[in-house]
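Assemble the complex: chain A is given as a structure, and chain B with the ligands must be docked to it using the hints.
Residues per chain are reported as follows:
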Amino acid sequence: MKDAVTAIIKKYGNDKSQLVSILQDIQSEYNYLPRTALDKVSKKMGIPQSQVFALATFFRAFSLKERGKHIVNVCLGTACHVRGGELILDSLQRQLGVNPGGTTADHNFTLESVNCMGCCATGPVVKIGDEYFGHMTNDKVEPMLNKYR
Amino acid sequence: MPGKLKSPKELEALNKKLAKGLGTDKARVSVCNGTACRPYGSNPVVEAFKAEINKKGLTDQVEFKVTGCHGFCERGPIAIVEPGNIFYQKIKPEDVPEILDKTVLNKQVISRLLFKDPLTKAEITAQADLPFYKNQKRIILGNNIRIDPTSIEDYISIGGYSALAKALFDYQPEQIIDIIKQSGLRGRGGGGFTTGAKWESCRKAHGDIKYVIVNADEGDPGAYANEGLLTGNPHSVLEGLIIGAFAIGSHQGYIYVRNEYPLALKNIINAMEQAGKLGLLGKNILGSGFDFEVRVNRGGGAFICGESTALMASLEGKVG
Ligand SMILES: Cc1cc2nc3c(=O)[nH]c(=O)nc-3n(C[C@H](O)[C@H](O)[C@H](O)COP(=O)(O)O)c2cc1C
Ligand code: FES
Ligand code: FES
Chain A
1 MKDAVTAIIK KYGNDKSQLV SILQDIQSEY NYLPRTALDK VSKKMGIPQS
51 QVFALATFFR AFSLKERGKH IVNVCLGTAC HVRGGELILD SLQRQLGVNP
101 GGTTADHNFT LESVNCMGCC ATGPVVKIGD EYFGHMTNDK VEPMLNKYR
Chain B
150 MPGKLKSPKE LEALNKKLAK GLGTDKARVS VCNGTACRPY GSNPVVEAFK
200 AEINKKGLTD QVEFKVTGCH GFCERGPIAI VEPGNIFYQK IKPEDVPEIL
250 DKTVLNKQVI SRLLFKDPLT KAEITAQADL PFYKNQKRII LGNNIRIDPT
300 SIEDYISIGG YSALAKALFD YQPEQIIDII KQSGLRGRGG GGFTTGAKWE
350 SCRKAHGDIK YVIVNADEGD PGAYANEGLL TGNPHSVLEG LIIGAFAIGS
400 HQGYIYVRNE YPLALKNIIN AMEQAGKLGL LGKNILGSGF DFEVRVNRGG
450 GAFICGESTA LMASLEGKVG
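Sequence order for the protein chains is A and B.
Mapping of the first sequence onto this note's numbering: position 140 corresponds to residue 140, and the numbering continues sequentially without gaps.
Position in the second sequence (first residue = 1) + 149 = this note's numbering.
Bound conformation, chain B alone:
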């Protein structure tokens, strides 16, 4: 990995270098190894792909990616084969050699592994055509499928941290707050409060020490969006956190993650280490003179601690 990046130019150069392979029609297989696909046996499928690709000598020919949640967990383990956007579901390790031989090398579709519409019984090949995805515009979680969440290079290759560079060098904090206000972005914690207004009130608040907290205590069961994002694209959370901190004038952040999410914890901690090494977190970020540190705290399994004041009490070492 290169050393610390000292300017937006250096980040841009790294992005160009890493983005080289993208957009070509090189074969790519991306397998979900998110938290929900694991109980379905995604780990053995990933291992089978690695072993088969090696055995067949395809390492240069096929780009293999292990990713976080693709969204359609119900059908795991899931693989997407490019080019073609081919969606395979409920894959078993035994299916792997066939996927490589038929689909990756010979562009044949294996109908047994396709999704079948429960109503029309029609087989659907492309992920984008599945009823589940067709009516969604996946902005926050949509990049999960394109990147290995444990690799900062992957995130930078798709333009990661370029918004941070822009925020730090092209705008004043007040301008960023205006942009966020105009965008209409609202909180995801349940209340749907306007993010721009929240940031503005923090910027204007008295006192010079300010903190930003990422609330990933996700207490409501059934919707593990925080888990999917922290596990599948942790750098996007970090980038947003640093931009928010710059806008309100904070130098210390906290990420509060449920203790029941071990993989999310592992991936966000790894992301913080990588960002620190590249000079995207810590002192003098990208040579801008802006300093920002982050600490990760684990929840203790109390639903109430997702509420903001209880969360802050627990960050101070008290009961929520």
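Only chain A is shown next, with the shape it has when bound in the complex:
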């Protein structure tokens, strides 16, 4: 773990103004922001821990908890909301047995929500990993999840 974090900091030339990008890269590497990695960033870059944590908790894209293998992102942006995004979220919560932000016991899925993914015409939209599922209905939720089970 240590080396990956050091390499990422180095990639950005130890530039404090790039802290958001550094945390984003660390999250892509580990799927979340491990405590030890944040400590390391703080020490290596000479940034107070409070500032690192302020960023890590301010942006909703960051997670301080370990996440599952597949990130299930439900869109709750305005366009998807009016087309019933909340119902899809309900249905996902029931099927996965977790609330938004939660990870299933087998570590296969983490459920998250997002506000608009830039494809509102196909709403309500769910994204799993890099794949988009448009015009979602409750009936489509289970077959969609089964592809990743």
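Treat the hints with caution; some may be incorrect.
[Said to hold, decoys possible] As a list, the in silico BS3-like pairs of lysine-lysine whose alpha-carbon atoms are at most 30 Å apart: (1) B:K415 to A:K11; (2) B:K432 to B:K347; (3) A:K140 to B:K239; (4) A:K69 to B:K415; (5) B:K166 to B:K204; (6) B:K241 to A:K147.
What the hints contain is simulated information worked out from the structure, not anything from laboratory work.
This is chain B with the ligands only, laid out in the frame that chain A set:
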């Protein structure tokens, strides 16, 4: 790809060479593979076209283009067949052989794939006649349909970067600001502030280090115009950014893109690399002596960071 372009003449020569095939009545199919068409299954349609064109040995006869958003996402996946400006909607991979056989090779229109006016029930063939497009003048997003956004050659073939060459060689920065003022161009971020006045105040501002920021944090859902432009025509954003930088006297730019837009990120980063290789970005642009660098930053999913001061804080590594 050719090496660095060292003068406006070299750019012009490249444009002439690349523009050769345009405007002829060679068959052309352009399929949208933008972010909204993907959930509808545009990827398999694109693959089917590639495979069928190969199988039928049509590679020389048909120009096939994969583009960014055409605008009418509601009807995706969409294809436009030229000549004829024929608009096909909700295409499935199974439709592809028929489109090639009937429409591309034999100029027959497949009525099943046409748009039907919900009121009059009339079938509409040409894209330009669709009610959705008829009343629009698509200036910024209109070129999406003509180019492959991952190809700088495509952009140059339709005259891309010629405005940059003009700005750098034919005008002084103050003249550019005047032109922008006269044009009446206004900001697209919501406030509608006059762009010329904004540029002028930046040019006149104290301090010698200046920055230009492209705000593509697009927080308001439902209107993904920034996404459509960055994904479908990233070079146009770069060209405008460099012209703006030259006008206000800046050598460092930032493009702040929402993290929820992976394809926009990918395409703008690719565009920057291509522009750098051709000498249109970086040191001594087109041999003009003007230097300009750009950095891309990803947003973190906070709506407030689209506001300019919060955005700048986040560029400095702070909370918005
Ligand atoms: C809460 C809030 C959110 C904003 N979000 C955006 C945005 O997503 N995109 C944007 O271009 N401008 C946004 N703005 C406006 C920017 O602060 C800024 O005025 C604008 O980017 C200037 O660009 P323009 O000259 O093209 O209008 C937002 C402003 C506020 C107050
Ligand atoms: S609101 Fe869901 S994709 Fe835009
Ligand atoms: S993404 Fe295909 S038309 Fe908009």
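Checked hints:
1. Restraint check: the Cα-Cα separation between B:K415 and A:K11 comes to about 18 Å, which is no more than 30 Å; the hinted pair holds.
2. Distance check on the hinted pair: B:K432 and B:K347 sit about 26 Å apart at the alpha-carbon level, within 30 Å; holds.
3. The suggested pairing of A:K140 with B:K239 holds, with an alpha-carbon distance near 20 Å, which does not exceed 30 Å.
4. Between A:K69 and B:K415 the CA atoms are separated by roughly 23 Å; this keeps the pair inside 30 Å, and the hint holds.
5. Annotation: proposed proximity of B:K166 to B:K204 holds, straight-line Cα distance about 29 Å (limit 30 Å).
6. For a cut-off of 30 Å, the pair hint linking B:K241 to A:K147 stands: about 21 Å separates their Cα positions.
Comparing the model with each earlier hint shows no violations; every hint is respected.
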